[in-house]
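Chains as they are written, first to last, in my numbering: chain A, 1 to 219; chain B, 1 to 118; chain C, 1 to 612.
These are computed hints drawn from the structure, not numbers from a lab.
All figures in this text were calculated on a predicted structure; none of them were measured in a lab.
Certain hints may be false.
List time: in silico DMTMM-like cross-link candidates among lysine to aspartate or glutamate, alpha-carbon distance up to 25 Å [claimed, not checked]: (1) B/K81 with A/E189; (2) C/K280 with C/E422; (3) A/K55 with B/E55; (4) C/K60 with C/D384; (5) A/K113 with A/E189; (6) A/K55 with A/E136; (7) C/K495 with C/E547; (8) A/K190 with C/E609; (9) A/K185 with C/E609; (10) A/K190 with B/D83; (11) A/K143 with B/E40; (12) A/K143 with A/E78; (13) C/K563 with C/E609; (14) A/K55 with B/E40; (15) B/K81 with A/E38.
Partial pick of chain A residues on the chain C-facing surface, computed with a CB cut under 7 Å [stated by the list, open to error]: (16) T22; (17) L57; (18) Y147; (19) G148.
Every residue gets a Cβ at the ideal spot worked out from N, C-alpha and C, and that includes glycine.
Below are the chains, spelled out letter by letter.
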Amino acid sequence: MSHAAAPPRPPPPPAEEHPTATGIDNRKLAIWALIGSECLFFASLISTYLVYKGKSLIGPLPHTESQCMLHGKLQTCEGVFEIPLVTFGTAVLLFSSFFVVLALYGAQRGNRKMLIGWLAGTVLSGMFFVGMQVYEFTHFYHKGMGYGTNLFSSTFFTLTGFHGSHVTVGVIWLATLLVLAVRGKIPAEKALNLELAALYWHFVDVVWIVIFPTVYLLR
Amino acid sequence: MDAHTASHAGREPAHPTPGLYLKVAVVLFILTAFEVLTFEAGRGGLGPALRPLFEPIVVLVLVVFSGAKFVLVAMFYMHLKQDPRLLANLFAFPLVIAAVIIAALIVLFRYWRMVGAL
Amino acid sequence: MATGVLDHAPAAPAPETTGIWGWITTVDHKRIGILYGTTAFMFFLLGGIEALIMRLQLMKPDNTLVSAATFNSLFTMHGTTMIFLGVMPLSAMFFNYFIPLQIGARDVAFPRLNAFSYWVFLLGGLFVNFSFLLNAAPNAGWFGYANLTETTYSPGLNTDFWVLGLQILGIASMAAAINFFVTVVNPRAPGMRMLRMPMFVWMSFITQILLLLAFPVITVALIFLMMDRHFGTHFFIPAGGGDPVLWQHLFWIFGHPEVYILILPAFGIVSEVLPVFSRKPLFGYTAMVFSGAFIAFLGFGVWSHHMFSTGMGPFADSFFAISTMLIAVPTGVKIFNWLGTLWGGSLQFRTPLYFAVGMVAMFIVGGLSGVMHAVPPADLQQTDSYFVVAHFHYVLFGGAIFGLTAGAYYWFPKMSGRMLDETLGKLHFWLMFIGFNVTFFPMHFLGLNGMPRRVYTYPAGLNFEFWNRIETYGALLLGASFLVFLWNLGATFRKPAHAPADPWRGATLEWLIPSPPQEFNYAEVPPVNSSTPAWDLRRAHGRPLPEPLRVSGAGIHMPRPSKWPAVTAVGVLGVIGSMLLTHAVQHWYAITLTGAAILFYGVYRWAFEPAF
Chain A
1 MSHAAAPPRP PPPPAEEHPT ATGIDNRKLA IWALIGSECL FFASLISTYL VYKGKSLIGP
61 LPHTESQCML HGKLQTCEGV FEIPLVTFGT AVLLFSSFFV VLALYGAQRG NRKMLIGWLA
121 GTVLSGMFFV GMQVYEFTHF YHKGMGYGTN LFSSTFFTLT GFHGSHVTVG VIWLATLLVL
181 AVRGKIPAEK ALNLELAALY WHFVDVVWIV IFPTVYLLR
Chain B
1 MDAHTASHAG REPAHPTPGL YLKVAVVLFI LTAFEVLTFE AGRGGLGPAL RPLFEPIVVL
61 VLVVFSGAKF VLVAMFYMHL KQDPRLLANL FAFPLVIAAV IIAALIVLFR YWRMVGAL
Chain C
1 MATGVLDHAP AAPAPETTGI WGWITTVDHK RIGILYGTTA FMFFLLGGIE ALIMRLQLMK
61 PDNTLVSAAT FNSLFTMHGT TMIFLGVMPL SAMFFNYFIP LQIGARDVAF PRLNAFSYWV
121 FLLGGLFVNF SFLLNAAPNA GWFGYANLTE TTYSPGLNTD FWVLGLQILG IASMAAAINF
181 FVTVVNPRAP GMRMLRMPMF VWMSFITQIL LLLAFPVITV ALIFLMMDRH FGTHFFIPAG
241 GGDPVLWQHL FWIFGHPEVY ILILPAFGIV SEVLPVFSRK PLFGYTAMVF SGAFIAFLGF
301 GVWSHHMFST GMGPFADSFF AISTMLIAVP TGVKIFNWLG TLWGGSLQFR TPLYFAVGMV
361 AMFIVGGLSG VMHAVPPADL QQTDSYFVVA HFHYVLFGGA IFGLTAGAYY WFPKMSGRML
421 DETLGKLHFW LMFIGFNVTF FPMHFLGLNG MPRRVYTYPA GLNFEFWNRI ETYGALLLGA
481 SFLVFLWNLG ATFRKPAHAP ADPWRGATLE WLIPSPPQEF NYAEVPPVNS STPAWDLRRA
541 HGRPLPEPLR VSGAGIHMPR PSKWPAVTAV GVLGVIGSML LTHAVQHWYA ITLTGAAILF
601 YGVYRWAFEP AF
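Whenever a hint applies, use it, and build me the whole structure from the sequences.
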């Protein structure tokens with residue numbers, strides 16, 4: 001209960017209309033509470049993936065050859081993962097985090113060009129990542145890996161699928177902000193609107209930082 | 001609510017500069033590259049000579065490197081280094097619980113079941 | 001109920017703040033609190049009726065009042081209702097109404113999110129209970145153990161209603177938890193430091209942290225189960241390599257913190273009531289705060305004590321046994337501090353004190369049998385028997401419901417402006433206290449004699465007849481006690497509303513403003529220099545404080561009513577509820593997409609609507 005023990009801060013000056021006891025904006029605190037909660041959401045998905053790792057009764061498997069049903073008959077399938085593609089997607093997602101901090105930097109200083117440019121870059125990166133995932137999922141499906149095929153496919157699709165849906169929500173959120181930014185509705189004093197989305201976006205990124213090695217690089 | 005966000009921005013400590021952000025991005029990229037290279041070396045993709053060297057340390061490298069990436073993003077991009085400690089605690093506490101739960105389930109399902117009678 | 005109380009407050013109330021539409025669009029934490037309370041009390045009565053039918057069925061051996069199938073639905077819905085639709089939202093009523101008042105705030109941090117939580121809760125509760133109309137009420141137990149809940153053993157919509165209903169209710173709880181977490185941390189009045197907050201606020205705060213961290217786990221478990229049932233996965237199906245024990249782990253990682261989610265608010269209420277009616281401050285305030293936090297923290301490391309019978313091996317058994325016993329320490333600290341608060345106090349024997357003392361006494365009984373379960377060999381004898389039923393009713397009824405009822409009598413004057421009748425209140429207490437013990441204490445005996453839980457009947461000659469008959473009489477008495485409560489409520493609402501601002505000589509801020517409070521709560525927040533600001537003021541004043549006047553709210557900006565939270569809640573229901581139809585309707589996803597469209601539209605309108 002570390003925050004419970006945090007020393008109380010002196011109240012802000014009463015001149016402010018809606019003071020907060022900690023000086024942190026309500027919405028920022030809320031998004032952090034949401035992030036804290038989401039840690040447990042992804043922890044549950046990751047635990048399940050790891051608990052069931054290697055326990056599939058039939059192929060395909062992530063890295064190794066296995067017997068799997070394809071086109072109605074049992075045959076030998078290779079490992080499904082394509083590490084180079086996912087590595088590239090991972091790098092794009094990492095860089096999108098870099099882009100969004102620059103967009104926020106621009107927003108906080110009223111630099112509209114910087115805000116719009118980097119924010120557009122973030123949205124495009126996010127869309128690329130989602131696109132990569134859609135491609136990957138389709139590809140796996142054609143390799144005989146349906147959602148319920150085996151424990152690996154179910155845990156894999158659920159974990160990465162929920163991460164992907166978080167990325168999608170982030171893309172929609174950031175794209176909305178991009179439209180607002182283009183219309184000039186995110187002046188410096190409203191940079192917090194972007195900061196909230198950016199915090200969420202970074203969280204989605206750090207979750208992928210955990211998922212990528214756990215799922216793709218752990219044999 | 002918007003009326004007072006500006007005054008908050010003034011009270012919170014300054015966030016880092018683009019230069020630092022770029023450095024972090026480069027480090028993140030390099031660490032990711034090392035993760036993938038370790039994986040490749042560990043499965044013999046970079047020549048059979050490297051495999052026995054890397055295979056035993058893959059998990060360790062992945063845990064350390066991805067942990068480092070996680071911390072870098074949280075500290076610099078999510079501004080936990082500069083923002084009030086409360087926010088860092090708000091992230092750290094759930095992470096501890098999450099890590100304990102992941103570890104406990106792995107031990108319960110993979111280790112103790114393997115040992116059988118235990 | 002509490003509409004039209006703003007006698008002298010011409011703060012330009014918007015025209016849509018009255019009538020049904022006013023309640024639908026309200027963002028006032030007090031009105032939402034009343035909505036929560038009314039709805040939850042209805043569900044609570046429903047759950048109580050389900051319990052009474054079960055007791056009548058078990059009154060004599062080989063009874064045929066209800067069928068085995070109906071009995072399955074009754075115990076499943078009784079548990080689900082009491083936990084998710086009864087105790088949790090009754091606590092939420094008090095969070096809503098009293099967290100902002102006790103910390104000296106105008107409203108919660110996110111008034112519209114608060115309305116959203118309520119509407120999602122209401123729709124989720126109706127959704128689960130709608131199953132009765134289709135003769136498809138959930139019937140696989142409130143903890144929905146896999147693989148009983150898989151389609152092989154639970155075909156039909158019953159379990160789907162349960163899975164999806166809990167998912168909807170989880171969204172309500174999560175939204176509320178974020179809201180109250182921020183509300184406690186941020187909009188506190190000047191001087192209201194963390195370690196000056198009333199104990200109810202503290203325990204509620206810890207509850208929100210538990211909600212935030214425990215609910216995602218059940219969300220994931222329910223997603224897995226839904227995927228198994230509708231989309232062909234094998235997460236918990238052994239035939240596909242899945243492991244049903246994983247469901248138990250995920251469920252109890254949520255389920256044990258959930259136990260503290262249910263009990264900590266009641267702990268907080270009792271910690272408010274005891275000092276006020278003992279006329280002395282809470283004994284060991286800081287120890288109370290940290291023992292509460294410690295209980296919550298340990299609550300994440302004990303879940304497997306619900307699963308000793310799955311055979312986890314001696315290491316795991318020992319670990320979870322020890323961590324469970326450790327929880328007795330901070331709980332004991334709390335109990336001794338309550339006793340220390342009463343000790344030497346000038347006790348005022350009013351109804352709230354009766355219920356609060358009853359809670360302490362009954363919780364001790366439940367706590368002691370809880371420590372017995374922590375011993376794995378003993379637990380293996382008790383598990384799945386009526387002994388366990390006795391235990392958790394002593395903590396959840398004897399603890400949570402007694403505590404919540406204490407809160408209801410304590411805060412009713414503040415919420416309604418009317419005093420509940422003392423004589424009827426004490427009658428309520430004695431009927432409830434006697435009825436409760438007569439119902440649940442013999443369950444200890446029955447359990448140790450081998451009567452299993454969840455059986456719809458038992459043959460004669462097993463020595464179960466006598467106590468089962470006694471228990472049913474107790475349950476009827478318990479039911480009668482709530483009739484007395486309803487009678488009390490009805491009689492009170494026929495009387496004029498002129499309760500004083502501070503009928504009990506309360507210690508906390510809410511007693512310094514009129515009953516019921518004006519829309520804006522505090523025109524000016526009183527100074528806070530300790531954890532008992534109202535007592536400080538009274539002491540400084542030297543004689544009783546004058547009755548606070550209703551003041552003009554001119555110039556105070558209150559959040560505007562909004563219909564978008566309710567619209568968004570309908571979208572949530574559409575998206576999640578549509579999963580019910582994956583097997584029944586060919587184009588079920590059309591409903592999902594419609595729900596998603598409503599959700600989207602609601603969120604966007606909400607986001608772009610000015611809050612003030």
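Violated hints, by number in ascending order, as checked against the structure = No numbers; nothing is violated.
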